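Engineer: Sequence:
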Amino acid sequence: MADLMRIVSRDAFAQVLAEARARTQALDPSQWPLLRRIADQLELMARATARGRVPHEEDRARVDVGLIAAREFEQTDPEYADQLQELEYTFRRYPSLPPGPPVRRRGVLQVWSGRETWHKLVLEPGVPRTVGTAKADFVVEPHASGSPQFQILWDGVAAHVQAIDPHRITVGGQPGWYGELAHRGWMTAGAITFRFLVEDYTPPPGPVKPSDAARAALAELQPRSRAGTLYAIVDAARSDRALQLLEESVDAYASLYDGEQGRAYDDVAPYLVQLRGDSGLLQRLVDEGWGDAWGIYVESGRDFATVRRHFRQFLMVEAEGEAHRLFFRFYDPRVLHAFAATITPEQREQFLAGIDRIAFERPDTAALESLSG
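Per the UniProt record's numbering, the sequence shown runs over residues 1 to 373.
None of these hints come from the bench; they were simulated from the model. Bear in mind the structure is a predicted one, so any value in this text is a computation, not a measurement. Watch out, some of these pointers could steer you wrong.
For each label pair, taking beta carbons as the anchor points, the in silico distance ranges come out as [what the hints assert, rightly or not]: (1) THR193 <-> GLY301: 29 to 35 Å; (2) THR306 <-> TYR178: 37 to 43 Å; (3) ASP40 <-> GLY126: 30 to 36 Å.
By construction, the Cβ of each residue, glycine as well, lies at the ideal position given by its N, Cα and C atoms.
Put together the whole structure using the sequences plus the hints.
Structural biologist: Have a look at this one:
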């Protein structure tokens, strides 16, 4: 099978399947029983995936064209052999293939427990990476006696995980030496839980038609993103889709809430995300969420931990005439618009310490508004 998969979506599967069927017919299955068997299995694949169908598990388990290809065509027709092997591999994993045209997505292994919750390892297709408590590509909760715990390889369809002796891993609840992760799969190594996600896996729930205001905002924000100085604070309480976009991104993000008590509010928490120049997350957030009060955009040259620590100070504030501190939803552009109109010089200095500018949508026109020092 080729080093990099051609079949990384359902549209790509249909294209490669059509090519393999044409090649099989050109070889004349009537003259060779083995080719007739291949042709029959390719026909099964075509029927099982026609008109948006997802093949049943028993149908996916019936195919063995990859084994035949490796035995009969690897030397004489390697391109045909690669097609057949890749078709069998992806047919068996067809439910994991995203719909739509082929896009070479990255994989994301995210720490989901312990002190380093939210940290991400971005996986390029075909590049193996090691994970452990020391001497690994991705070191999690390091200590002096630590070691690499497992290797993970994302091939564009599935992530393959193998324990590094003497460690063991648990993948999908099954302990062992190795396993396979699909989108939103879970695993543990030692005391740490990880989850696996695929970049930009889930399409929007409906057609996306960015407004003129959204296009203008994106044009202004993108240069900062490319420079590595743009953050967003996204309000998960406003939209399940907003949180889904963060999860299915290569960009670093974390809840502004801390500790186990904070984890109880994961579904509705405000999240700080550092927007990468090589990611499409900024465009997706603006195209889909501008005008719906999904959050605010922060320009700062400070690092992620510093920016997060700064904004955590303002989650609860004291208000005149109130006995208890109140939640301050400054990450809601409607709230920030009202705050910007009444902010005192002292409040401005405190709120914008280390921050170049905060950009957000106006509640009335959705035009971009700014708050700066």
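Engineer: Could you run down the list of hints and mark each one as holding or not?
Structural biologist: Okay, the hints, checked on the actual structure:
With their beta carbons about 33 Å apart, THR193 and GLY301 fall inside the hinted range of 29 to 35 Å. Separated by about 39 Å at the C-beta atoms, THR306 and TYR178 satisfy the suggested range of 37 to 43 Å. For the pair ASP40 and GLY126, the supplied restraint of 30 to 36 Å holds, since their beta-carbon distance comes to about 32 Å.
Hint compliance for this structure: every hint is met.
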